[in-house]
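J.: All chains, full assembly: derive it from the sequences and hints.
Letter by letter, the chains look like this.
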Amino acid sequence: MLKKPKLLFYRRLSQTIFGLLLSNSYLQVITTKSIYSGALKGFCIPFLNCHACPFAIFSCPIGMLQYYAATQQLPFFLVGFFIVIGLVVGRAACGWLCPFGLIQDVMFKIKTRKFGIPNFLNYSKYVILILFVIILPFLTNIHWFSRLCPYGALIAGVPWILWNPIDPDFNAPVIDFEMIGFVYFLKIGILIFFLIWFVYAKRPFCRIACPLGAIWAVFNKVSLLRFTVSSNCTNCHQCDKVCPMELATFKEVDSENCIKCLDCTSCEHITAKFNIR
Amino acid sequence: MNKNLRTILFYVGLSIGILLIIVGIVIGNDLSNMRLEGSDL
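Heads up: the protein sequence lines correspond to chains Z and C, in order. Under this note's numbering, the first residue of the first sequence is numbered 1, with each subsequent residue one higher. Under this note's numbering, the first residue of the second sequence is numbered 1001, with each subsequent residue one higher.
One or more hints might be untrue.
Distance condition first, Cα-Cα at most 27 Å in a straight line; then the derived DSSO-like pairs of lysine-lysine [said to hold, decoys possible]: (1) 4(Z) x 33(Z); (2) 273(Z) x 1003(C); (3) 202(Z) x 111(Z); (4) 273(Z) x 4(Z); (5) 241(Z) x 111(Z); (6) 33(Z) x 1003(C); (7) 1003(C) x 221(Z); (8) 202(Z) x 41(Z); (9) 273(Z) x 111(Z).
Hints were generated in silico from the structure; no laboratory data involved.
T.: In structure tokens, the structure reads:
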């Protein structure tokens, strides 16, 4: 009998309140018709959240990394932020805060035939990080990942196009439809592709495409929050059945894909610990 | 991973991370100066 993860309710609550609602709570956009650009936009959050979203109040760390690459500056503060958060909790923000992760978790609940994801695709997120977030923006001064990001399309690209209010400062629509070209439609295509994939596989975007997940993944094995498997583990595979990343925790403790959601601790043989050793 | 190596990596990494954050703030390379450019339409 599969046990329901003990902390799942709290995780859903955290994903919804902190990830989805609090980070996207700029309701004044309804009257100002322009994105928030106050002091809080100077801070980034440890999960993907497009700062061009009409309701966003914080910046996206990947958007910021691209900005520094495109302007050819060394992002001292941002790298320090990645190192400190990564060392303390590893990929926990992916499991506990990321709203795109929540969407994937919810869509996977749709009852249909499910498919696995080949392991070699796990490495593609590192290629995306290095190529689309660092090298191409550095060489072309264009934020390539933002241009193609499916989550950016979902919470910023699509809402702005559908709403397209009149900007009170310029007395003209915010979006000039002549500016919409091939890249926009490519981005929408990528979004549709992933939305369909979410129904058939567990968290495909997190596993193969998320550049922020790739950054946190590097710290998973040395972060404070880690797991131990007891020696009397019976290989019952309960952990991989409940794991939102389809990991067999008993074989792959603190794997680079582990999002520290603690769902696997519903098995008595797996425990989470929060210490240096 | 060896526990001692992990402890050393943790402390060295944390020190470097905190140092980078401080350097970033001191030289004005923090996030407050970032030009906003989000989802490209």
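J.: Confirm or reject each hint.
T.: Each hint, compared with the structure:
For the suggested pair residue 4(Z) and residue 33(Z), the alpha carbons sit about 43 Å apart, so the restraint of at most 27 Å is broken. A C-alpha spacing of about 14 Å is found between residue 273(Z) and residue 1003(C), which places the hinted pair at or below 27 Å, so the restraint holds. For the proposed pair residue 202(Z) and residue 111(Z), the alpha carbon gap of about 13 Å is at most 27 Å, so the pair holds. Pair hint residue 273(Z) plus residue 4(Z) holds up; C-alpha atoms about 20 Å apart against a cutoff of 27 Å.
With a C-alpha separation of about 15 Å, the suggested pairing of residue 241(Z) with residue 111(Z) holds against the 27 Å cut-off. Taking the CA atoms of residue 33(Z) and residue 1003(C), the gap is about 53 Å. The hint is violated against a cut of 27 Å. Straight-line distance between C-alpha atoms of residue 1003(C) and residue 221(Z) comes to about 11 Å, which keeps the hinted pair within the 27 Å bound. Distance check on the hinted pair: residue 202(Z) and residue 41(Z) sit about 31 Å apart at the alpha-carbon level, beyond 27 Å; violated.
Restraint check for residue 273(Z) and residue 111(Z): not satisfied, since their Cα atoms lie roughly 34 Å apart, outside the 27 Å limit.
Checked against the numbered hints above, the structure breaks hints 1, 6, 8 and 9 and satisfies the rest.
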